[in-house]
Amino acid sequence: MRRPWLLALVLAVVTIGTVVALVDSETSGTGAENVGESGPEPAARPEPQREDQERTKRRCRATKSNPGGTNNYIPDAPRRDSLGSGFVITGLVRFTDGCRPLEGVRIQVWLATETGGEQDNRASVRTGSDGRYRIETAPTVPQFGEPNIHVGYDDREYGEVFIRRVVDLDDERAAVDLTLARGD
Amino acid sequence: MSSTLTMSVPRSTSRLPAVTDRRTLALGTATVVVAALPVALALTDRHLAGASTALVLSTTAGTLAVSALAVQPLLARRRRIARHQMLGCVALGLVLVHVAALFVESPGDAWFAISPDGPTRARMALIATVALFGVVALGALRTRLPISAGTWRVVHAYLAVMVIALGIAHAVLTDGALDDAGTPILAILGVVGLLGVPAAHVARTRRARGRAPSE
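Heads up: the sequence lines are chains A and B, in that order.
Residues in the first sequence are numbered from 68 upward in steps of one, following the numbering used here.
Residues in the second sequence are numbered from 7 upward in steps of one, following the numbering used here.
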């Protein structure tokens, strides 16, 4: 070995590069927060009543799509009340201007469960008068190493959003809220 | 004449055939256990119940690759070098099957996993795979590379450590078939593999200096 210092330098650079690449990554992928919960399902908290003027001034930040959000997405998921039992996905859908809950908005949900993969377990659900949606599914299973929840909106009234979140294997619920902005 | 000469020459090996047989048997048994136990655990796990053929194939190939990586350093001694080289190629083949099956299972998820936005466990797998290509290439090109034997050994060992550490960390961080009892088994395989690399170096160095104990 004629120049051991050069070899040591190269290996040190490769090691540092590897460590930086790993530290720089997000555990579950970019923007994939863990939204899993366990235990009894809490009652939905009603939105605080605000004066119209105050409500108009408020502005909520629009939910942005995150990488992987469209994985295994098939447009126009069939309308279903349930995808099994054992796991519940809920969420509040609001509009950016005034942060008001949106009623009657179609939200699409898809995930891998004990009964099938993400392309088999998909459903469209609509928000109620309080802006909330809810669907029960079979327990989640790992999809590429971790249970994933996909929630999307791509009707034309608002801007489309596709997000991917993760849960733990023993979680029983996931809450995925969306704030939609006016479409382009 | 030749038979006379042959009989007059002392045995070049100090290892008795019976000892060799016992060691070979023990090594073979250990290899089968190391390979079979994780695969048996993975294939009987509830997470694979009803899984697609591609996912079962990917899990099987990935699990076998982990076992192969763990025992690889133990085969790095001169007498076992042919098996070491063969198993290195097998490990690379298993990893490629593992990845290819994941692309068949879900191309979108597979591309996402290896993208810059992929999860940490996928990034570990990606770096480990690149290092595995490197370590196999080094093995194949050993005599043709313009580097000294010492440099070759250090780089080969460095890449081997990277493959074993990141490959097994990837398996540990992956939810699914090797959870629960699979995690300590993966940890043991990782420790065996990582300790095997310096052990192989020490054995080689001692042999090269002519101070290797008789076997």
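Calculated directly from the structure, the hints in this document are not laboratory data.
Among these hints, one or two may not hold up.
Derived coverage of chain B by chain A (criterion: at least 3 residues anywhere in the stretch with Cβ under 8 angstroms from a Cβ of chain A; other residues may be distant) [what the hints assert, rightly or not]:
{"no.": "1", "stretch": "50-58"}
{"no.": "2", "stretch": "106-115"}
{"no.": "3", "stretch": "126-135"}
{"no.": "4", "stretch": "175-188"}
{"no.": "5", "stretch": "203-211"}
Interface residues of chain A toward chain B, partial, derived using beta-carbon atoms under 8 angstroms [claimed, not checked]:
{"no.": "6", "residue": "I83"}
{"no.": "7", "residue": "S132"}
{"no.": "8", "residue": "N138"}
{"no.": "9", "residue": "P168"}
{"no.": "10", "residue": "G171"}
{"no.": "11", "residue": "I202"}
{"no.": "12", "residue": "P206"}
{"no.": "13", "residue": "E213"}
{"no.": "14", "residue": "P214"}
With the Cβ distance kept under 10 angstroms, some of the chain A side facing chain B (calculated, not the full set) [said to hold, decoys possible]:
{"no.": "15", "residue": "R70"}
{"no.": "16", "residue": "S95"}
{"no.": "17", "residue": "T97"}
{"no.": "18", "residue": "N133"}
{"no.": "19", "residue": "G135"}
{"no.": "20", "residue": "T163"}
{"no.": "21", "residue": "G165"}
{"no.": "22", "residue": "G183"}
{"no.": "23", "residue": "D235"}
{"no.": "24", "residue": "L236"}
Note that beta-carbon positions come from the ideal geometry of N, C-alpha and C, so glycine has one too.
Subject >> Structure-inconsistent hints, enumerated in ascending order >> reply: Going through the list in order, the structure violates hints 5, 6, 7, 9, 10, 11, 12, 20, 21 and respects the others.
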